[in-house]
Structures are given as C-alpha cells and as structure tokens.
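S.K.: Following the hints, position chain B against chain A.
Protein chains: 2
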Amino acid sequence: MTTHELLQNFLNLHKDEKDAKFAVVSSGGTAVPLEKNCVRFIDNFSNGTRGAISAEKFLEKGYLVIFFYRHNSLQPYSHRFNDLFFQLVPGENGTFTAPDCPTLTDFIQRHRKYASRMVLIPFSTFHDYMNDLEHICREISFLKRRLCLYLAAAVSDFYIEHEKLPEHKIASNGAGLDLKLTIAPKVIRGIVKNVVPDAFIVSFKLETNPELLVKKATRALEEYGHQVVVANMLKTRKRRVTFITPSSDPLPIDLDSPEFKDRPDVEIEEVVVEKIEQLHSKYCVNK
Amino acid sequence: MTTHELLQNFLNLHKDEKDAKFAVVSSGGTAVPLEKNCVRFIDNFSNGTRGAISAEKFLEKGYLVIFFYRHNSLQPYSHRFNDLFFQLVPGENGTFTAPDCPTLTDFIQRHRKYASRMVLIPFSTFHDYMNDLEHICREISFLKRRLCLYLAAAVSDFYIEHEKLPEHKIASNGAGLDLKLTIAPKVIRGIVKNVVPDAFIVSFKLETNPELLVKKATRALEEYGHQVVVANMLKTRKRRVTFITPSSDPLPIDLDSPEFKDRPDVEIEEVVVEKIEQLHSKYCVNK
Numbered sequence: 001m002t003t004h005e006l007l008q009n010f011l012n013l014h015k016d017e018k019d020a021k022f023a024v025v026s027s028g029g030t031a032v033p034l035e036k037n038c039v040r041f042i043d044n045f046s047n048g049t050r051g052a053i054s055a056e057k058f059l060e061k062g063y064l065v066i067f068f069y070r071h072n073s074l075q076p077y078s079h080r081f082n083d084l085f086f087q088l089v090p091g092e093n094g095t096f097t098a099p100d101c102p103t104l105t106d107f108i109q110r111h112r113k114y115a116s117r118m119v120l121i122p123f124s125t126f127h128d129y130m131n132d133l134e135h136i137c138r139e140i141s142f143l144k145r146r147l148c149l150y151l152a153a154a155v156s157d158f159y160i161e162h163e164k165l166p167e168h169k170i171a172s173n174g175a176g177l178d179l180k181l182t183i184a185p186k187v188i189r190g191i192v193k194n195v196v197p198d199a200f201i202v203s204f205k206l207e208t209n210p211e212l213l214v215k216k217a218t219r220a221l222e223e224y225g226h227q228v229v230v231a232n233m234l235k236t237r238k239r240r241v242t243f244i245t246p247s248s249d250p251l252p253i254d255l256d257s258p259e260f261k262d263r264p265d266v267e268i269e270e271v272v273v274e275k276i277e278q279l280h281s282k283y284c285v286n287k
Numbered sequence: 001m002t003t004h005e006l007l008q009n010f011l012n013l014h015k016d017e018k019d020a021k022f023a024v025v026s027s028g029g030t031a032v033p034l035e036k037n038c039v040r041f042i043d044n045f046s047n048g049t050r051g052a053i054s055a056e057k058f059l060e061k062g063y064l065v066i067f068f069y070r071h072n073s074l075q076p077y078s079h080r081f082n083d084l085f086f087q088l089v090p091g092e093n094g095t096f097t098a099p100d101c102p103t104l105t106d107f108i109q110r111h112r113k114y115a116s117r118m119v120l121i122p123f124s125t126f127h128d129y130m131n132d133l134e135h136i137c138r139e140i141s142f143l144k145r146r147l148c149l150y151l152a153a154a155v156s157d158f159y160i161e162h163e164k165l166p167e168h169k170i171a172s173n174g175a176g177l178d179l180k181l182t183i184a185p186k187v188i189r190g191i192v193k194n195v196v197p198d199a200f201i202v203s204f205k206l207e208t209n210p211e212l213l214v215k216k217a218t219r220a221l222e223e224y225g226h227q228v229v230v231a232n233m234l235k236t237r238k239r240r241v242t243f244i245t246p247s248s249d250p251l252p253i254d255l256d257s258p259e260f261k262d263r264p265d266v267e268i269e270e271v272v273v274e275k276i277e278q279l280h281s282k283y284c285v286n287k
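Line order of the protein sequences matches chains A and B. Residue 1 is where the first sequence starts when you use full-length UniProt numbering, and the numbers rise one by one after that. Residue 1 is where the second sequence starts when you use full-length UniProt numbering, and the numbers rise one by one after that.
Isolated chain A, as found in the complex (with noise of 0.2 Å):
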C-alpha cells in the first residue's frame, strides 16, 4: 500500500473519534544514498529505540499514533524481543515457551490492545521522509491543534542532490573520493509554516558538544517557530534531556536526580511523552 492508501484506511478507521489526539511519531536516521543505484549511503546513528518507545507511550496515553519510521529500524513492542528466535523452546504440539522473557505475553497483548490505535508508514532515504512527511501532514492538517508532531528520527543535515548523483557504483580505481554534500533543507521549517501551522510541533536536538547543546537548540526554536525542543547529548540520552521552550527556562529531566528516585525502571522516553501531553493539552485548551 501507497502512504497515501496507509494513511486513508486509518484516518477513515477512527473518523468517528471527533476528540481524539494524534501524534506522528518520526523515528530512525534518513539514508543518503551516493550512488542512483545505491550501494553505499550516509546513514545517522539510530536504531530507533526512542521513537519507538515514545510511540507506546503515546497509545497507552491515548494518542492515535502515525509511526513514521526508517524500513527495519525499530517497532514499538517489538522492539524489546530482538533475538526471540534464540528465547524460544520448542514444546509439544507445536507450542514453545520463553522461559527467560517473563514480560513477552504483557507486551504481545498490549501490542494487540493498541495496534487498530496505530498505522506503521516507513521511509528509507532523506528524499522519503522529507515527501512522505509532508504529504502525511497535508493529509492530516484538519486536525489544527489535535495533532503532536513528535520528530525523533535522526534526519540527515547534508544530502547530494539527485541530479549530481553518479549512475552507477563508484569506481575505487583513483586517488581517493571528493563528496560534495548540500546543505539539506529543513523540513521542519515548511512544515511549521506552511502546512500544519496549528500543530504542536516537538523537535529533538541530539550533539556530542554539551557547550553548543542549549544554544543551538534554542536557536532552532527561534528559527522554526514551534513548541518544544527536546535537547540530548549522545553519550547520556537514556538518562538525561532538557526541554527547551519559547515562553519558559530550559527545563532538564534527569533519571538520576531525587524526582525520579521513586521510578527506579522508568525509561525516558515515558517521562518525556507525559511531559508533552500536558503541554499538548494546555496547548489544546488554548486555541
């Protein structure tokens, strides 16, 4: 099925639903290829993990979640049994058991409570996602302050353009390799602007620098004109994020300080969807 065809049969699954909140959860890093028949590409570090979860988080806060994610990367559920084929024991009938995965019937049922509640739209290159995502929010643009933009895939900042792409696989038979990347336009900022103007829109920040970190994610906020930034560094993003506002002080969440001393098993990702559906629905109140 075209995107267009997943997302139809969704929304036309849940029209009925006049209240209800959607988020696009964008997850995953975009793929730039270097050759038109691509063998080789630049990639983003990411599997997916945060999206994924953030995803599941959305549905159990009642959220219908448009999972907008980089082919094979990972699926919410899913994504905590990656090696089942080494967990699972071979019983009669036919049967097996994961002994050593305790959780899987919870997680399996709970996929199944809220997979109506979800539609999987995947994308492969820079190219995909920066077309598919705007064509997924002209589609869904009626919804005005209903919709939560969640942009967690790791979009690449540089990409070739099609037309300067070689043909075919490049020859390694030289003196080296010159690639010339453009600057890749910034889907936020058409998308802010001109298409879903009345959405909440969150976008992550990830750096390696904690110097640059705040100031850069402050200035995107300037730049696109949206609601949130959510700032992390690489090394400590499991455990540490700073919420980045237009109207407030950055405001830093952090696993291993008191607040959380309570949850010791909380994953950030919980933490941070609550924090943006309260913010979502002030957001809505005020419109």
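Worth flagging that the hints you see were computed from the coordinates, not collected in a lab. Any given hint could be a false lead.
One copy or any two copies: either way a pair holds, since identical chains are not told apart in the list.
[Said to hold, decoys possible] In silico PhoX-like pairs for lysine-lysine, Cα to Cα no more than 20 Å straight-line:
{"hint": "1", "residue 1": "K235", "residue 2": "K36"}
{"hint": "2", "residue 1": "K18", "residue 2": "K61"}
{"hint": "3", "residue 1": "K36", "residue 2": "K164"}
{"hint": "4", "residue 1": "K18", "residue 2": "K282"}
{"hint": "5", "residue 1": "K15", "residue 2": "K113"}
{"hint": "6", "residue 1": "K144", "residue 2": "K282"}
{"hint": "7", "residue 1": "K216", "residue 2": "K261"}
{"hint": "8", "residue 1": "K164", "residue 2": "K180"}
{"hint": "9", "residue 1": "K186", "residue 2": "K216"}
{"hint": "10", "residue 1": "K61", "residue 2": "K113"}
{"hint": "11", "residue 1": "K61", "residue 2": "K275"}
M.R.: Showing chain B alone in chain A's frame:
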C-alpha cells in the same frame, strides 16, 4: 568477551577435530565514521542475508564456522524469522504458537544442532573489520589448507583516516560539506600474501554495471592471487552469480536455467557453497 577469547574458546572446544575444515564467513557492511564521536557514518548496502545463509550451508556441509558479522546484521537461522514478535500467539500456561511459521521448530532445532559448531564475532567499523579479520586469520593460520575464507562482507572501498576525523558532530551552519575520503587498504591483499597464504580464499564482487563485472572480478583475482571471485550484480544477485577462478573460464550459476528446474526453492547460497566445498576439497587434496 574479546575476539581473542571467543576464538580461543571455540578452537579449544574443537581441538580434537584434526581434519575438520573451517570457514570464516564475513557478512554485512562496514561503517565508516565521519566523526570521532560518531553520529554519522558511510555505510554499504548489505543486510547480511548472503553471509547468514552461506554460514548455514557450511555448517550443514560439516564445516566449523567463524561467523564474522556486522553488529546487528542478520544471523544464520534467526534471519528467517525477523518478525517473530508479531507471529506469536499466547496460549495456556505461558506457551505460544506461531501458526504462520510452519518451519520455525525445524529452524530452531537446526540452530541448536549446529550452535556449538559456530562462533559469532561482531564488528562495526571498517577499522574493526580490518584489524579483527587479520587477528582471526593469524590465530587460525595453523589450519593451512583446511581453512576457507569466504569474504561475503560488503567492505568499504573508502575511509577517512582517524586523525583526520573531526572530534564532534559536524555542524551544518556552513555552505555545505566537503568530505575527502582515502582509498581503503585492501584487507584481502595482506591476508592472502602474509597471514594465511595456504588458505582457500573466496571473495565477492558486487557491481551495478554489467559491463565492468567480469573484468573487475578477474582483475581482483590477478591482483590478490587468491582462488575464487564470486561476481554478482546488485539487482540479480539472488538468482545469478559468476564464479571466476584462475584456471577456468567464468562459470555462471543461474537459478533460472534448466539446470535448476528440479530445485525450484533452492537458495543461491546453497549452490555457491556446494561449489566452494567441491573446489576446497580438491584444494585440500592437492597439498
């Protein structure tokens, strides 16, 4: 465990099998980091299907297998069931069934049968691949002609030397990005000449341009002085390959030719490994 420990445990476990043939199967693509704190990297198109199926076939032919694979790429047997989470149906008493996977029990049992005859050694970057493959070969060079190196990994032809990498994630606030890549050293060259000169060595050549394929494959064989190049095209690689050897004409294997009309479900890796096993057996006799 380190590569060294994994390998030594495996060799120790099988030290009494004085006549056993060993296959080192390399599989998956190598990542070339663009930053020291790696967020971005150049990757090669490869899921590792060819390596994973080939390793199964070597095991079934009696080989001891060192499966040297890109971290998170496909593994023997399990790769056939990538969406198991969505296939399992919870039943009574913590059991599951998988009604849409009729071959699951069979493949779990095959995996169990052969698990102790295979060691899995992961790599991620081009540097890991280069260093660890040489390390593995040094430790098993005593096998001499009993060793088959089956180099199915998609190894980068280009890389950026570590000292030239920027420390942090490349900023995108400039005019674009010029990447200067150096031709990567051909790992196979040093290994053939200096490390395992007696081994039976099979390399793979993937191209997208049919006019260059046999020519480039033949040149690779002349340059490195090894035994077989398996040449294949990106688009037809699951149905057709060509064996290039020093002493015979190119030998095409085409699953759509009359030769295979009685084996409609055969996987091309099975046929490739059958041929390699025959050639390797002859090579072992001619010592």
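S.K.: Can you give me the call for K36 and K164, within, between, both or neither, at a CA distance of at most 20 Å?
M.R.: Within. Shortest intra-copy distance 9 Å satisfies the 20 Å Cα cut-off; inter-copy 28 Å does not.
S.K.: Given a CA cutoff of 20 Å, do K15 and K113 count as a within-copy pair, a between-copy pair, both, or neither?
M.R.: Within one copy only: 19 Å inside, 52 Å across.
S.K.: For the identical chains here, do K216 and K261 meet the 20 Å Cα criterion within one copy, between copies, both, or neither?
M.R.: Neither: 30 Å inside a chain and 62 Å across chains, both beyond 20 Å.
S.K.: Since the copies are identical, ignore which copy is meant and state whether K235 and K36 lie within 20 Å (CA to CA) inside a copy, between copies, both or neither.
M.R.: between (34 Å within a copy, 13 Å between copies)
S.K.: Check K61 against K113 for me: Cα-Cα at most 20 Å, and say if that holds within a copy, between copies, both or neither.
M.R.: Intra 13 Å, inter 45 Å, cutoff 20 Å: intra-copy only.
S.K.: I want to check one pair: K164 and K180. Are their C-alpha atoms no more than 20 Å apart within a copy, between two copies, both, or neither?
M.R.: Classified as both; 9 Å inside a copy, 17 Å across copies.
S.K.: Could you figure out if K18 and K61 sit no more than 20 Å apart (CA to CA) within one copy, between two copies, both or neither?
M.R.: within (16 Å within a copy, 62 Å between copies)
S.K.: If the cutoff is 20 Å on CA atoms, where do K61 and K275 land: within, between, both or neither? Let me know, please.
M.R.: For K61 and K275, the Cα distance is within 20 Å only inside one copy (11 Å; across copies 57 Å).
S.K.: At most 20 Å between C-alpha atoms: does K186 with K216 qualify within a copy, between copies, both, or neither?
M.R.: Answer is within: at 14 Å inside a copy they meet the 20 Å cutoff, but 40 Å across does not.
S.K.: When no copy is named, should K144 and K282 be tagged within, between, both, or neither for a Cα gap of at most 20 Å?
M.R.: Only inside one copy: K144 and K282 sit 14 Å apart there, 71 Å across copies, limit 20 Å.
S.K.: Cα distance capped at 20 Å. Does K18 pair with K282 within a copy, between copies, both, or neither?
M.R.: Result: close within a single copy only, 18 Å intra versus 73 Å inter.
When each numbered hint is compared with the structure, a violation occurs for hint 7 only.
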